[in-house]
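Same order as they appear, the protein sequences are chains L and B.
Just so you know, the first sequence maps onto residues 328 to 702 in the numbering used here.
Just so you know, the second sequence maps onto residues 328 to 702 in the numbering used here.
Honestly, the hints are just simulated from the structure, not real lab data.
One should not assume that every hint holds.
Note that identical chains are pooled: a pair holds if it fits in a single copy or bridges any two copies.
Stated by the list, open to error - With a Cα cut of at most 20 Å, we get these calculated SDA-like pairs of lysine to any residue: (1) 389 x 682; (2) 615 x 559; (3) 615 x 555; (4) 615 x 595; (5) 449 x 513; (6) 615 x 596; (7) 389 x 368; (8) 615 x 550; (9) 615 x 598.
2 protein chains.
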Amino acid sequence: MRQCTPLPYAAAVRPRNDTLLRALLRQPTPYTPIWLMRQAGRYLPEYNATRSRAGSFLALAKSPDFATEVTLQPIERYPLDAAILFSDILTVPDAMGLGLFFSDGEGPRFERPVRSEADVAKLAAPDPELSLTYVLDAVRQIRRALDGRLPLIGFAGSPFTLACYMVEGGSTDDFRTVKTMLYARPDLLHRILQVNAEAVADYLNAQIAAGVDAVMIFDTWGGVLADGAFQRFSLAYLRQVIDRLLRTRDGERIPSIVFAKGGGLWLEELADLGSDALGLDWTVSLAKARARVGRRCALQGNMDPMALFGGEVAICAEVRRLLDDFGPPQRPDGGWDGHVFNLGHGLSPFTPPEAISVLVHAVHSYSRQLRALAS
Amino acid sequence: MRQCTPLPYAAAVRPRNDTLLRALLRQPTPYTPIWLMRQAGRYLPEYNATRSRAGSFLALAKSPDFATEVTLQPIERYPLDAAILFSDILTVPDAMGLGLFFSDGEGPRFERPVRSEADVAKLAAPDPELSLTYVLDAVRQIRRALDGRLPLIGFAGSPFTLACYMVEGGSTDDFRTVKTMLYARPDLLHRILQVNAEAVADYLNAQIAAGVDAVMIFDTWGGVLADGAFQRFSLAYLRQVIDRLLRTRDGERIPSIVFAKGGGLWLEELADLGSDALGLDWTVSLAKARARVGRRCALQGNMDPMALFGGEVAICAEVRRLLDDFGPPQRPDGGWDGHVFNLGHGLSPFTPPEAISVLVHAVHSYSRQLRALAS
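Bound-form chain L, shown alone (with noise of 0.2 Å):
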C-alpha cells in the first residue's frame, strides 16, 4: 500500500499529535506539551480497578493485556500529550535472575541481592527478546491500540539506580549497602555497572525496535551521591547507555530523556551525555536551567506533585509561575529551546484525580496565551 500514499516515511510514522516529540527536539510548538511520570497507576479508580483483576502488581506489569489496558487509561480520561509504558525499572534485575518481589508495605525486593564478588562474577545483561518479552510485546501492542494517535514514551533504570536496588534488595533510606560496596570495593560496583549499562541500553534499544517514539532513563537515586561519586558511578554509566542507543527508528529521531532527581547541580555535566532533553525537579528554576543548558537539550518538569494538592486555584498558579519562568520558547533569535511539562516526580497515589483535569487545562491554554502574547 506504500505506493498509494504519497506522503514522506517520517511524516507516516509519526504520531499525529507529535507535540512531544517536537518539544523534545527543540522545534516549534504551538502549546507546551505535558505528560506525568507515573499518569498510570494508584491515584485512577480504573487503575485500582485493572489491578484488583490482576491480582498483583507484577502481575499487572507482566501481562501485556493488562499493561496496555492501563497505559491507555490516562490518556483517555485527560488530553495528555504522551502516552508511557506501564512496566517498572525493576523488570531488567528481575530479567538478570534477582527474583523481583513485592512485600506488603515494604516495597519491591530481591530475593537475591548482589553482594559477594560470587554474585557480581555470576551477573549478565539479559537477552530483552528472550527475557523481558512481555514487556516488548506490551510496547507492540500499546502501538497498534494508540494507533498513531499520541506518542508512546519507553523507560529504563539508570544503572546506577538498578545496582541500588539490586545491592540493597530493596527499598533502603541511607543507601548503606550499595555505598559501602562504593566505597570498599568500588571494583565490584564498576563491574555491578558495566553489566548494567550494556543492559539498559539493550532494552532501551528493544523498545525502540518494538516502536516506542522517545525514551526516558530515570537516575532515581544518582542524586544521593557526593559530588565526585556522582560523575564516576552514575554520570559515567549514563554516558555508555547513552551512547549505545538507537537514535533513529526507520529514519526518524527517537528522542531520549534523561532524568536525574537531584541533579541539578550537575546540569552541565548531565548536558554533554548528549541526550535530547533533561528531566528535571521541582528544587531547579526553570528559568536558571534554561539559561545553563537550555540550547544544548530540552527541558522536562518541574513541578512538586503536591502542588496537586493545592486545589484549583493553586495549581493554576504554579502552572503559570513555571511556564513564565522558563519563558517563551521561541527565542528573539528565531530559534526555539524545548520545554515539556511534567511533575518534578511521580504522582502520589493520593492525588485527587480531578487535579489532573485542571493541570492539563491549564498548561495547554497558559502556554497558548503565552505563544500568543509573544508572537
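Since chain L is already given, all that's left is putting chain B on it; use the hints.
Frame of chain L; chain B shown alone:
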C-alpha cells in the same frame, strides 16, 4: 578577680582550642578543625549505656546531667575541635505544647499536630527560660565541664523544618500534609513560620546567654521545597532568625552556621542571610561552593557519612579529596577563607567508632601538611 588577670577579656573567655571559631570567622588556623553532626549518639557504646540508664531518648535529652555526660563522650574519645550540645530540634515545638513523644521504629511524633486554623491560632513562641530550662541548664553544666577546653556549639531547627514536624505530626516521606497547607493555605503556614522564627531566635539567644560559643541552624527539610517556595517558606524565616540573633556575648563574636540540606542550588541566597558559615551536604563540590560564596561565608562539610563504612584507606582518600577540593584556606592575596570539616549529614548509628579516629587524625594531619606545602 578581674583586675588580677591582665589578659584581655576576649582571650579570657575564648576556649583554649579556638580553631573552630577562627575557621568560622575566616581567620588563620594551623589546621582544618573538625566536628561531626551527631557526634554524640548511638554509634558510641558509652552513649548507649547512658541512654539505657536514662530509660529513653527523651529522658536523656531532658536531663542536664545525662545531656552533659553524652555531650562530653565523643570529645573524650576523639581529638575533635568542638562539642555540640546534646539535644533535639523538636524540644522547641514540645515547649509550645505539642506533646513530643517517640514511638518505636517510627521516630519522633507529636500528640497534637498543628493542622487547623484553631491549632495555628493557639501557637505562641515559648519563653526558653521558663519552658526550655533543662536545655539551658545543660548548656551551663557542659560549659563548666568543658572548663575552657573546647568551644560548645548550640543549635536549633529552622522554622520550616520545625513546621514540617509540627504539621505532619511526625516523620514523612512525601511532606504531603505540610505541602498541602503550603499550596492550599499559605497564610496558615506563614503564621506557623512566624511563630517558629521568633521561638528559634529566642531559643538560640538563650543558649548564647547560657554559654554556647557558636550556634547552628539545621534546615534539614528546606531542600524538599520547590525553587520559589524555598525562598518564601524557608529562607525568609531563616533571615528573620539570623537578624534577631545576638551576634556577640561580652564583646566576643558568636559565629552562626546555617545548614540547608539539599540547598546547593541556593548557596548565593543562603550566603546573603548574613550568617558566618554555611553547612554543605556531600552533593556540593567544596571548590565550586568556595568559588561561589567562600569570600562571604566559611564553609562547613561535607563528607558522605557512608564513606565511614569504606575502611581506613577509603576514609583517608576521601579526606584528601575533600581537603584538596577546598584547597589551601589561605588565598593568594594573603586573606583566609574558612573551612570546618564535617559530614554532609549526621553520623549513622551503624558507624564503626574506630572510623572516627581515622577520620579525625586524617583531617588534622593532612590539613597541616597542605598548609606547610602552600606556605
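Hints versus structure:
1. 389 x 682: Cα proximity of residue 389 and residue 682: none, with 29 Å in one copy and 45 Å across.
2. 615 x 559: Between copies only: 18 Å across, 25 Å inside.
3. 615 x 555: Answer is between: at 12 Å across copies they meet the 20 Å cutoff, but 23 Å inside does not.
4. 615 x 595: both (12 Å within a copy, 13 Å between copies)
5. 449 x 513: Within one copy only: 17 Å inside, 54 Å across.
6. 615 x 596: Cα proximity of residue 615 and residue 596: in one copy and across copies (15 Å, 14 Å).
7. 389 x 368: within (15 Å within a copy, 46 Å between copies)
8. 615 x 550: both (19 Å within a copy, 17 Å between copies)
9. 615 x 598: both (14 Å within a copy, 18 Å between copies)
The structure shown violates just one earlier hint, number 1.
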